[in-house]
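Student: With the hints as your guide, set chain B onto chain A.
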Amino acid sequence: MSDLFVVAMLAAPVSPTPKRQIRRRVLRDLCAPSSACSALVLFLFGTSLLALQAAPLQGAQGASAGQKYSLKAAPKTVVYGHYDAKTLPVLRVKSGDTVDIETLITSSPKDLEGAGVPPAQVEQSLRAIEDEVKDRGPGGHILTGPVYIEGAEPGDVLEVRILGAKLAIPYAYNGFWPGNGYLPNDFPYEKMKIIPLDEKRMVAHFAPGIEIPLHPFFGSMGIAPPASAGHFSSNPPWIMAGNLDNKDLVAGTTLYIPVHAKGALFEVGDGHAGQGDGEVDITALETSLVGTFQFVVRKDMHLKWPRAETPTHYISMGFDDNLNTATTLAVREMIDFLVTEKHLSRDDAYMLSSVAADLHITELVDGNKGVHMMIPKSIFTGASK
Amino acid sequence: MTRCALILIIGACLASPSLAAQQSSSQATYTLKATPKTVAWGYYDAKAVPVLRVKSGDTVEIQTVLTNNPKRLEAAGVPPEQVEQSLRDIEEQVKDKGPGGHVLTGPIYVEDAQPGDVLEVKILSIKLAIPYAYNAFGPGRGYLPDDFPYAKIKIIPLDEKRMLAHFAPGIDIPLHPFFGSMGIAPPEGAGRFNSAPPWIMAGNLDNKDLVAGTTLYIPVHAPGALFEVGDGHAGQGDGEVDITALETSLVGTFQFIVRKDMHLKWPRAETPTHYITMGLNDDLNACATLAVREMIDFLVTEKHLSRDDAYMLSSVAADLHITELVDGNKGVHMMIPKSIFTGAAK
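Which chain is which? The protein sequence lines are A and B, in order. According to this note's numbering, the first sequence holds residues 2 to 386 in order. According to this note's numbering, the second sequence holds residues 5 to 350 in order.
In short, the hints are calculated from the structure, not lab data. Treat each hint with caution, since some may be false.
Simulated pairs of lysine-lysine, DSS-like, Cα-Cα distance not exceeding 25 Å [said to hold, decoys possible]:
{"id": "1", "chain 1": "A", "residue 1": "K201", "chain 2": "B", "residue 2": "K342"}
{"id": "2", "chain 1": "B", "residue 1": "K131", "chain 2": "B", "residue 2": "K59"}
{"id": "3", "chain 1": "A", "residue 1": "K192", "chain 2": "B", "residue 2": "K307"}
{"id": "4", "chain 1": "A", "residue 1": "K87", "chain 2": "A", "residue 2": "K263"}
{"id": "5", "chain 1": "B", "residue 1": "K158", "chain 2": "A", "residue 2": "K378"}
{"id": "6", "chain 1": "B", "residue 1": "K75", "chain 2": "B", "residue 2": "K37"}
Cβ-Cβ distance ranges computed for the label pairs, FRET-style [what the hints assert, rightly or not]:
{"id": "7", "chain 1": "B", "residue 1": "M167", "chain 2": "A", "residue 2": "Q122", "range": "46 to 52 Å"}
{"id": "8", "chain 1": "B", "residue 1": "P143", "chain 2": "A", "residue 2": "P209", "range": "40 to 46 Å"}
{"id": "9", "chain 1": "A", "residue 1": "Q122", "chain 2": "B", "residue 2": "A290", "range": "39 to 45 Å"}
We put the beta carbon where it would ideally sit given N, CA and C, even for glycine.
Only chain A is shown next, with the shape it has when bound in the complex:
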């Protein structure tokens, strides 16, 4: 298992997480796959000794579940723009282990500085990645990982518990570009706006007199698609989750993803400090986040599509380039959930979906559109049925 050696080399003792300022680059390549896709590039050096890839807080090779790791975003611990069953893992964990994962904003130092971010507030890790990572695309997201979860096999479900999602920088950006977004003909030009984030009050200062409450979440959390899907763009969400851009997947949420490759190969990034359902101009409050995730391999679950459970709701999802198809999928998934997990009859499940479950347009701008259906947990007052 050559993976093991890679991981062993990358894992290192914990050190305080330096909060670097990050900058990012824009999503111009979302529509245009770049060519340098599949070659494995060897990086000569990490940026510095601080670019520690994975740092177990306890003995990394301990046998019992519940180890804690820390994974920084560095040129050698990120994947730029894809999910792929053949990507070499940067960390290997057991079912039950927890990992703090640093992620970077979806932008570049140049674009961030061009939009007005002071150079000192651009994270050094973003600069290093921008300088050193040559294997990019087809998507534009910098994803930290992949994390290999031992024992995860195709047919299983990876349960991802999102234990925390913290702001890493004091700003976000929002931007749109020609040919992107849901109204490309109405806005056939480019614009980028830096939006200050107030971590104490947890609001974004969008404009004088407009403050948006923050609800940090990761736009992209996913695992490898089936090997035959190859170097799969990080842009469209699909059966392996990925770029869900689902604003409801905040800290406290558990995401269930069907596994398609050994080890699952979890990647995460595209931090959003907040977003509206639809993400209509193609960006959210784009920022850098640090997340804490616990991974549990579920041999007892079998899913076709990702599902989630937030502190307050159960969520089903549909993804397709056709919005109607995405909707149909989300409704059928909700019916299946209610039948399988809540033991309703199919007819009752359809009826309950009609009277108590809400269809949200998750996003309209990622190639595959997303629709998610939410049903409140509070309506289940006892043994349902």
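Tutor: What follows is chain B alone, placed relative to chain A:
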């Protein structure tokens, strides 16, 4: 205008004004019951004869009946004495039905409302009228007609004290009563317009967020606006996927204001917590596009944002909901929280 004279007479007979009905200066309060002579069964129409005439600023308490008939309700298990007499009377006496299936109370003629104006409808209160709701689906209807190619109806008890629906043992749904259909006459050229699809004159919006405390703004297309209301829902999910909600009878209190200063192409709303724009079309993508463009227009016109900022703010702070998928025209609405506007926006 012979119709106007007729309206006055009918209005005087059918409506019971609790203040002097013809008082011009102060705002009057009326009560409008659902009877065979005060409902329009299945349509909005610029030529429908009004059953009440009010002035801008007047308030009307309106009784509505659920979208069903006594026979089906009893067959589904509703005790005969719990079927409203008004529904029986309407079922027996109203012969002019369709093309839609909703029993709508009205129309109400709002004086001085002219095409090009906006009718502001303040939904002051909504009360349950009966202790049950139903949910149902049938072949060829709903969003998954191939998955459920048969008919089913379920009576669901409503607990008004706890404001819950007892859907099944262990499943209680909080109630948020609203009217599925609130609308006015479409342009005269649309003729007798089916009450099923929501459109520029609002109508069968099936928008669960339009609860009491909400104000609905509807562009006027015919003199007097001709407001009708019905299709009470004790609760619903966004999408209304099986084609019905918690269908029940509601009593609503509405205040009508003619807005000469507003000009809209599509209905909008303001709830206690959100501003809402809407897109209505048989294509779901077109609905979403409309709702987003309407939100941008709202933010530019009412909140004085630049167009670019309005697009960006829609992306980061406004939510797209699928209102309903089952009414011919589908609906998407976009909601932006009022609380984010902390001062003079811009």
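Student: If a hint holds in the structure, say so; if it doesn't, say that too.
Tutor: Evaluated hints:
1. K201(A) <-> K342(B): holds (22 Å)
2. K131(B) <-> K59(B): It holds: about 24 Å lies between the C-alpha atoms, which stays within 25 Å.
3. K192(A) <-> K307(B): Satisfied, since the Cα-Cα distance of roughly 20 Å is no more than 25 Å.
4. K87(A) <-> K263(A): Within the cut-off at roughly 10 Å; holds.
5. K158(B) <-> K378(A): Holds, at about 22 Å.
6. K75(B) <-> K37(B): Given pair K75(B), K37(B) holds - Cα atoms ~22 Å apart, limit 25 Å.
7. M167(B) <-> Q122(A): 46 to 52 Å: Given about 49 Å between the Cβ atoms, the range holds.
8. P143(B) <-> P209(A): 40 to 46 Å: violated (56 Å)
9. Q122(A) <-> A290(B): 39 to 45 Å: Check passed, 42 Å falls within 39 to 45 Å.
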